[in-house]
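Chains as they are written, first to last, in numbering that gives the first Met the number 0: chain S, 0 to 197; chain Y, 0 to 197.
Treat the hints as calculated values from the structure; they're not laboratory data.
Keep in mind that the hints are not guaranteed to be accurate.
[Unchecked claim] Calculated lysine-lysine pairs in the BS3-like style (CA-CA distance at most 30 Å, straight line):
id, chain 1, residue 1, chain 2, residue 2
1, S, 131, Y, 197
2, Y, 197, S, 2
3, Y, 131, S, 2
4, Y, 2, S, 131
5, S, 24, Y, 197
6, S, 136, Y, 197
7, Y, 197, S, 197
8, S, 154, Y, 154
9, S, 24, Y, 24
10, S, 2, S, 41
11, S, 197, Y, 131
12, S, 197, Y, 24
13, S, 197, Y, 136
[Unchecked claim] To be clear about the criterion: a stretch of chain S counts as covered by chain Y if any three or more of its residues have a C-beta under 8 Å from a C-beta of chain Y, and this derived list gives those stretches:
id, segment
14, 118–131
15, 163–173
16, 181–188
All values derive from a computational prediction rather than experimental measurement.
For each residue, glycine too, the CB sits at the ideal point set by N, CA and C.
Number of protein chains: 2
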Amino acid sequence: MVKVITISREYGSGGRLVGSLVAQKLGVPFYDRKIIEMSAEKSGLSENFVADNEQCVKNKFFHNLAFGYMNAHGAAGQLSLSDKLFLVTSEIITDLAEQGPCVIVGRCSDYVLRERDDVMNVFIYADAEHKKERAVKYYGMDAEKAIVEIARTDKYRANHYSYYTDRTWGDRNNYHLCLDSGFLGVERAADLIVAAAK
Amino acid sequence: MVKVITISREYGSGGRLVGSLVAQKLGVPFYDRKIIEMSAEKSGLSENFVADNEQCVKNKFFHNLAFGYMNAHGAAGQLSLSDKLFLVTSEIITDLAEQGPCVIVGRCSDYVLRERDDVMNVFIYADAEHKKERAVKYYGMDAEKAIVEIARTDKYRANHYSYYTDRTWGDRNNYHLCLDSGFLGVERAADLIVAAAK
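With the rest of the complex left out, here is chain S (with noise of 0.2 Å):
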């Protein structure tokens, strides 16, 4: 029995969307940016850090410094402030699994529910075309900078989960369901996805 929906998705698919239809339908809550606030609230860090750190691509090199830096202050323990965050947020996650049935988008939340068995793992794709029309559609952009801010987000997002998950972010074997969003249209996509979990 399906308990839990993670969406993954890449940028421009439409996959938040896709979450969101799909918790409405189903009668439970969604999570998305809602995180962000949580994670802050509860890290003590400031709603931006949080916003800002999810937006940038991390790298072996300010990791690093970011972890001699913390240890030589004793802040943090072994821990970035990156990696800290990162904690944080999987226990919120894990949390909001345990209070009952929700949609949970990005933040690696398949990863971090990986030991549950009542959870079904979603990605989202589109071809080049339809997430390019959905950027600047939806979110205003100018037609090239839409492939430059694709190319770059996706970047970030298979990087994190590669850095968090030593998985690879996108491979199938780690998702339940892919579905393209492009070629299906968001609302049967979400329709696909209730069936699938009921």
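Guided by the hints, dock chain Y onto chain S, whose structure is given.
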């Protein structure tokens, strides 16, 4: 409007069964091993050659050897027997799609029909445990042999697909739906495909 559904699948995932269920539910023809007979008839090659060729992992060396051999004898112009067979099978698949709605399993059919806009491409996969279980239960394999056979067959499929299409087998971008039949079960996977196609 979806007219043709192609099913690509990992060995042991039950993808063939999913495809036949979809065809049954939609009331359309199902083409799987029947294409071997059709290819044998059309090419003048024996059914055994066609079936064996389907099981043989190609590599550059053997390909080039065959290529050189065929040239020296002038029997098949620039093409090896395997390449000729691929072209014959592709023509058959193209004709089947032209004739009317159907479900086609394997044989790079997603790639062969890439120019059509009425084709839905599906990839069926499952976790190792489910695939092994299916191979033991339905194909009567010994559990240890099943692991080797699954790896061998999927390696062949990936190799064959990449050789003829220059794409990566199992890469979500080649498919509109990727479904984990181990998690969903074959019946539900078939229902989702039917719902997606309608």
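Do the hints match the structure? See the list:
1. For the given pair, residue 131 of chain S sits about 26 Å from residue 197 of chain Y by alpha-carbon distance, which is consistent with the 30 Å threshold.
2. The suggested pairing of residue 197 of chain Y with residue 2 of chain S holds, with an alpha-carbon distance near 27 Å, which does not exceed 30 Å.
3. For the hint linking residue 131 of chain Y to residue 2 of chain S, the alpha-carbon distance of about 27 Å falls within 30 Å, and the restraint holds.
4. Proximity of residue 2 of chain Y to residue 131 of chain S is assessed by CA-CA distance (about 27 Å); at most 30 Å being required, the pair is judged to hold.
5. For the hint linking residue 24 of chain S to residue 197 of chain Y, the alpha-carbon distance of about 20 Å falls within 30 Å, and the restraint holds.
6. Distance restraint check for residue 136 of chain S and residue 197 of chain Y: the Cα-Cα separation of roughly 27 Å lies within the 30 Å cut-off, and the hinted pair is therefore satisfied.
7. About 19 Å separates the Cα atoms of residue 197 of chain Y and residue 197 of chain S, which keeps this hinted pair within 30 Å; it holds.
8. For the hint linking residue 154 of chain S to residue 154 of chain Y, the alpha-carbon distance of about 28 Å falls within 30 Å, and the restraint holds.
9. Proximity of residue 24 of chain S to residue 24 of chain Y is assessed by CA-CA distance (about 26 Å); at most 30 Å being required, the pair is judged to hold.
10. A hinted pair counts as satisfied when its Cα atoms are at most 30 Å apart, and residue 2 of chain S with residue 41 of chain S qualifies at roughly 25 Å.
11. A distance of roughly 26 Å separates the Cα atoms of residue 197 of chain S and residue 131 of chain Y; the hinted pair therefore holds under the 30 Å criterion.
12. Restraint check: the Cα-Cα separation between residue 197 of chain S and residue 24 of chain Y comes to about 20 Å, which is no more than 30 Å; the hinted pair holds.
13. At most 30 Å may separate the alpha-carbon atoms for a hinted pair to count; residue 197 of chain S and residue 136 of chain Y meet this at roughly 27 Å.
14. Coverage of the segment 118–131 of chain S by chain Y holds. Counting CB-CB distances below 8 Å, 4 residues qualify, and the rule asks for three or more.
15. Only when three residues or more bring their CB closer than 8 Å to a CB of chain Y does the claim for the segment 163–173 of chain S stand; here the count is 3, and the claim holds.
16. With 3 residues having a beta carbon nearer than 8 Å to a beta carbon of chain Y, the segment 181–188 of chain S meets the requirement of three or more and the stated coverage holds.
Consistency with the previously given hints is maintained throughout, with no hint failing.
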